[in-house]
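> Taking the hints into account, I'd like the entire structure generated from these sequences.
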Amino acid sequence: MSTPTPPGGQRTLQKRRQAQSVKEKQQKQTPASTRQAGFGGSSNSVLKLYTDEANGLRVDPLVVLFLAVGFIFSVVALHVVAKVTGKLF
Amino acid sequence: MAKSNNQIEKLAEAPVEFVKDGTAFIQKCKKPSNRDFLQIVRAVGIGFVAVGIIGYAIKLVHIPIRYLIV
Amino acid sequence: MAGFRLIELAKPFLPLLPEVEVPYEKIGFDDKVVYTIIAALIYLFGQFPLAGVSKEASGVLDPLYFLRSVFAAEPKTLLEFGVFPVVSSALIMQVLAGLKLIKVNFKIRQDRELFQTCTKLFALLQYLVLANVFIFSGYYGTDLSVVQITALNVQLVVAGFFVTLLVEVIDKGYGFASGAMAITTVTISTNFVADVFGVGQFPVDNEGHTEPQGAFINLIQSLRASHKTWTGAIVGAFNRDYLPNLTTAFLVLALAASICFLTNFRLELPIRSTRTRGVNNVYPIRLFYVGSLSVLFAYVILFYIHVGAFVLVQLIAHNNPSSIIYKVVGGYASHNNLLYVPQFPLSLLTPPKSFVECITRQPLTPLFFTTFLVITGIWFAGLWQQISGSSARDISEQFKEQGITLTGRREQGVTKELDKIVPVAATTGAIVLGLLVACGELLGLKGKGASIIVGVSGGFALLELITAEYQQSGGQSALAQVLGAPSGGI
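Chains as they are written, first to last, in UniProt numbering: chain G, 1 to 89; chain C, 1 to 70; chain V, 1 to 490.
Heads up, some of the hints might be wrong.
[What the hints assert, rightly or not] Computed beta-carbon distance windows for the label pairs:
| hint | chain 1 | residue 1 | chain 2 | residue 2 | range |
| --- | --- | --- | --- | --- | --- |
| 1 | V | V328 | G | K83 | 27 to 35 Å |
| 2 | V | F250 | C | R35 | 44 to 52 Å |
| 3 | V | D205 | G | V80 | 53 to 61 Å |
| 4 | C | K28 | V | I305 | 31 to 39 Å |
| 5 | G | V76 | V | S273 | 39 to 47 Å |
[To be verified] Listed below are the simulated EDC-like cross-link pairs for lysine to aspartate or glutamate, each with C-alpha atoms no more than 20 Å apart in a straight line:
| hint | chain 1 | residue 1 | chain 2 | residue 2 |
| --- | --- | --- | --- | --- |
| 6 | C | K31 | V | E401 |
| 7 | C | K30 | V | E268 |
| 8 | V | K11 | G | E53 |
| 9 | C | K28 | V | D143 |
| 10 | V | K420 | C | E17 |
Read the hints as simulated data drawn from the structure, not as lab findings.
Built from N, CA and C at the ideal position, the CB exists for glycine as well.
What follows is the structure in structure tokens.
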């Protein structure tokens, strides 16, 4: 390591290196994805979409599962109604 | 982004080198032995078919419902 | 943060969109298994016929048949578009953010929330747009009444909405890893079982004979049937093209086996601890570094191209052979009254229905289709390994945190060394996968080749996470005890 000390730079090699690593950190301050920022999310081979809690309408997962089943049965019911009355559509 | 531009340039310049790198990589790779491979195939096969059968059981429920409503 | 940012658009919707709660405490291994399976089964149950589709056979047939199974979509059901909008919105938003075309600062919590909401909104918007494209193309029947149009819209969009929520339930930590991938893997395996062992009977001729869906069941049933000779039964079982046949089943199995083989190609880099002496280990870099995502991305692009063409040809030109659009883009020819087969030049990006047809009728397709898959794969893999938080720099940072370094390298040299390996692995893997998919598809698997590849390699990615989690939970799983020994150990 025979690099000359830049004028106004840090005197010792170690300090210069530290300054460099700070610079590096600043350079990549804007990560490209949630995982790169260190908050989970899609990785190299796994697609993970919704991982953060947003301040929306919070629902319990069980409610989601039950509502989904309920929705499917309402479509079944729609079929039945359409068949019985025969003129809904 | 300079890096990816660089990569694209490299791609345009030397697809030959690209292929060379790739084959070199594959050659350096550790390949599963026959025994490993059989084990993996068995594990994946059993898992895949088991999940498939559970799923198909659900789809079987559809058949009578479809019959009733159509 | 000067100027306009796309993610700000999501702000007014933030309080309106339902959000699955993040679990308060860590979900146990067994609960995760149950949640994942139940969510996937609900999805499967949702492949239920749409109400309000007109009874008369419509002249407009399914133009996307070869793309459906990759995205777990079933025609004329609630899941007409499957998880496509969810997957495509996630991939595209992430790619745009990675290319810095959308300005997001992932370090700020609010930005992440907005980005996520934006992705979700984009998915819902795609469900709405696709639904209406299909409704107005006449796919569900011509002359639909207002009631029918409304009913179809509501069904398709609400179903899409529930798909995003089901995916979210798994993603938020109630299930394993990725909702979209778990759901597609389960659906693909179900389709495979249905194609081989399915017992549902379908009418095949006017004399009232039926044949089962499953290829294997069909072979047995045909051998026992009185109206067929033995040779006829065997030839039929391997050759029928209206329902799954045994040839396809074997091809699919061969593809699955080759994926099992290739997934385990890895470069093992020797690593050692910087803290304690003599602790040596290996860090594997997989050949399929980006897994099946490169194939998924290529199929997302294919889907957009084909939907775009469908809009042009069917909605605007009404598939009229004399119109200019038909001549420029290519039109659709109906096949067996089931499928809409794209014609030249659109057929260049359409896998053929069989190998013979590929050679006789679309000789240019192999070249175009393969090149398309490989090029999109390379581009995506090169980008994704950089932006997904698993680039050479990210790995070397992890090493630094854990006090690991590559044997024979100084800590500073690790990034450089990895940078020589990771992008090559990602792109080479994408090429190999692209070629495999092309191989399968050109033999006439009609999307089953691509889907088994996505399914098996997605299954591998999940299996890895599941085994890791199983070991973390210390093997305290009632389910594993019920099922006997832990079947993992890969």
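> Does each hint hold? Answer for all of them.
So, going through the hints one by one against the coordinates:
1. V:V328 to G:K83: 27 to 35 Å: 44 Å, violated
2. V:F250 to C:R35: 44 to 52 Å: 24 Å Cβ-Cβ, so the 44 to 52 Å window is violated.
3. V:D205 to G:V80: 53 to 61 Å: This hint is violated: roughly 31 Å between Cβ atoms.
4. C:K28 to V:I305: 31 to 39 Å: Taking Cβ atoms as reference, C:K28 and V:I305 lie about 36 Å apart, which means the hint holds.
5. G:V76 to V:S273: 39 to 47 Å: 60 Å, violated
6. C:K31 to V:E401: 30 Å, violated
7. C:K30 to V:E268: 7 Å, holds
8. V:K11 to G:E53: 14 Å, holds
9. C:K28 to V:D143: Distance of about 62 Å is beyond 20 Å: violated.
10. V:K420 to C:E17: 13 Å, holds
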